[in-house]
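Trainee: Each chain is listed here by its residues.
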Amino acid sequence: MRDKLLEIKKLKVIYSTDGKVVEAVNHIDLEIHKGEALGLIGETGAGKTTTALSILNLIPNPPGKIVEGEICYNGQNLLKLSQKEMRAVRGNKISMIFQDPMTALNPVMTVGDQIAEVIRLHQKMPRNEAYIKAQEMLETVGIPGNRLKDFPHQFSGGMKQRVVIAISLACNPELLIADEPTTALDVTIQEQVLDLMEKLQKEFNTSLLMITHDLGVVAEVCETVAIMYAGEIVEYGTIEQVYNDTKHPYTRGLFDSIPKFHEDVKRLKPIKGQMPNPAHLPVGCNFADRCPDVMPKCRESEPVVIDVGQNHLVKCYKYVDGGDQA
Amino acid sequence: MSEKTVAIKSRNSGMMRDALVRLFRNKAAILGLIIIVVLILSAIFADIVSPFSYDEQDLRQRFLAPSAEHFFGTDEYGRDIFSRIIYGSRTSLLVGAISVTISSGIGTILGAISGYYGNRVDNIIMRLIDVMLAIPNILLAISIAATLGPGIVNVMIAVGISSVPGYARLVRASVMSLRDQEFIEAARSIGANDARIILRHILPNCMAPIIVQATMSIAIAILSAAALSFLGLGVQPPMAEWGSMLSNGRAYIRDYWWVVTFPGVAIMSTVFAFNLFGDGLRDALDPRLKQ
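Keeping their order, the protein sequence lines are chains A and B.
Here the first sequence stands for residues 15 to 340, where the numbers follow the working numbering.
Here the second sequence stands for residues 625 to 915, where the numbers follow the working numbering.
In case anyone wonders, no lab produced these hints; they're calculated from the structure.
Heads up, a few of these hints could be off.
What the hints assert, rightly or not - If you want the footprint, here are the derived chain B segments under chain A, 3+ residues with CB under 8 Å:
#1 680 to 688
#2 710 to 718
Unchecked claim - Computed from the model, here is a short list of chain B residues facing chain A with C-beta under 8 Å:
#3 R744
#4 G815
#5 N817
#6 I821
For every residue, glycine included, the Cβ atom is placed at its ideal position computed from N, Cα and C.
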């Protein structure tokens with residue numbers, strides 16, 4: 015087994031506005047090993063981005079707050095670091111790719127300035143050397159080096175996302191968090207960007223936390239996957255375990271709602287209902303109201319996470335008490 | 625290697641070039657710019673351009689009407705008004721430039737801090753600004769100048785401080801709209817500290833309104849300085865300043881119109897030029913306003 019790079023333990027993040035408390039992330043546990051690519055899947059509002067921002071300690075406060083848990087990076091709790099120590103981690107050891115490349119770049123700075131900025135923030139290096147490094151990074155992501163002095167508005171969306179990737183990899187981070195990196199791009203460009211990320215991830219031996227709602231993206235890039243629902247991780251395992259031996263009813267619902275090429279289906283099968291309001295989570299299982307296999311005890315108490323074999327974790331009563339357990 | 629250095633050196637600032645092209649297409653702005661350039665040149669080369677010195681008195685030649693020798697006539701001490709206006713442009717432009725630097729500097733810093741940090745900091749700074757805004761601008765300048773005592777430096781400080789609120793509010797609003805943009809979050813995620821985010825990422829993005837406000841308020845600063853000098857709080861004689869020339873000449877307005885008219889025209893055309901230029905600059909820097 016590879017070494018653990020990042021370990022999230024019992025993380026709980028709340029947002030409080032006007033007296034209402036929203037539990038955005040509710041006691042999640044997650045680990046990423048060195049060189050591993052982990053996919054974090056969930057629908058809008060499941061707490062994916064909040065999890066990502068907590069790792070960098072960038073939750074906007076107020077209204078957000080990390081109330082419980084630890085985020086250990088190489089054995090060091092990131093939540094205990096001072097602002098200054100945290101800044102040395104951001105962009106250097108852990109970096110992030112944002113969802114929308116259109117707005118993630120500063121419109122009045124050249125892309126060269128922006129790539130060189132992160133390099134000079136973390137590595138004591140003269141200006142012109144940083145620019146040469148920036149140019150190399152630009153070429154690494156497939157943009158001609160002579161465009162270093164161009165402004166973001168002179169690039170297309172896909173190229174901007176490449177620039178963002180160049181910025182995030184410029185300091186050779188150990189962990190890259192990609193928050194829906196392909197959502198804002200069209201399908202062909204998505205493919206290019208994913209290929210690039212996959213290639214660079216292997217090349218730089220970076221660990222990757224890929225946040226998305228696209229099961230296909232995860233299948234392509236990741237080795238392990240965690241399914242998130244209403245601030246909790248409901249299923250976790252390798253791609254093979256989760257995709258071929260789907261356990262949790264929610265995950266199964268997700269797969270059922272994907273159109274299949276080899277079957278002639280008139281209508282897709284959606285998951286009925288809506289995600290519960292995170293300000294008023296139900297008592298038992300959060301998914302109980304939408305679950306096709308709901309049992310009485312699901313509404314009474316919260317299920318615990320159980321291992322259904324080789325670190326394939328599921329949070330569901332269906333697999334407690336023998337049942338499907340191998 | 626050599627290719628790389630070339631790429632680094634060739635600066636291609638497309639946005640600035642576009643703005644300049646738009647500016648030069650605006651005829652009114654160019655007229656303003658020409659007047660400003662002429663004023664600056666005459667201020668710099670006052671010794672060479674002006675036919676007389678600003679304090680050269682000749683009591684035998686009091687109140688001469690405009691003629692070939694004295695283009696704008698002479699005043700009550702027989703001093704050449706044309707020369708005094710040229711020398712006066714030095715003072716007026718200096719007052720305009722320096723007081724705007726003071727007000728835009730302080731205002732931008734206060735506004736940026738207030739807009740970026742929000743909450744309590746914002747409240748404290750903005751309430752102070754509100755107090756300043758409650759007092760009419762010119763009255764505030766008069767009271768500051770009166771406290772500091774007469775003199776050109778104090779006029780600059782007084783005029784500068786009295787126009788801080790405008791900048792602070794303007795910058796605060798721009799910063800607040802930029803603060804939550806994704807690229808600011810991205811800057812934070814690469815480990816930039818607050819000072820860096822404000823100075824490198826936020827302020828360059830709100831430069832356009834600051835520049836426009838600055839050119840516009842140079843005109844207001846020159847007017848305020850002229851008003852202070854008119855009241856005797858500004859430049860002291862025999863130094864030439866348009867406001868004080870107006871003030872000294874007002875006693876003779878019935879009989880010798882040229883004593884007050886020409887300094888007034890000088891103030892008016894300078895203010896006009898800066899306003900035209902400021903307007904043009906705003907249109908040029910804001911691509912959304914172009915037709």
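Trainee: Work down the list of hints and note, for each, if the structure agrees.
Mentor: Hint check results:
Only residues whose beta carbon comes within less than 8 Å of a beta carbon in chain A count, and the segment 680 to 688 of chain B has 0; fewer than three means the coverage is violated. Counting residues of the segment 710 to 718 of chain B whose beta carbon lies closer than 8 Å to any beta carbon of chain A gives 0, which falls short of the minimum of three for the stated coverage. Violation of the interface hint for R744/B is found here, the shortest Cβ-Cβ separation to chain A being roughly 12 Å, above the 8 Å cut-off. Interface restraint check: G815/B against chain A, minimum CB-CB distance 4 Å, threshold 8 Å, status holds.
With its C-beta approaching chain A no nearer than about 6 Å, N817/B sits inside the 8 Å limit, and its interface hint holds. Interface restraint check: I821/B against chain A, minimum CB-CB distance 10 Å, threshold 8 Å, status violated.
Comparing the model with each numbered hint stated earlier shows that hints 1, 2, 3, 6 do not hold.
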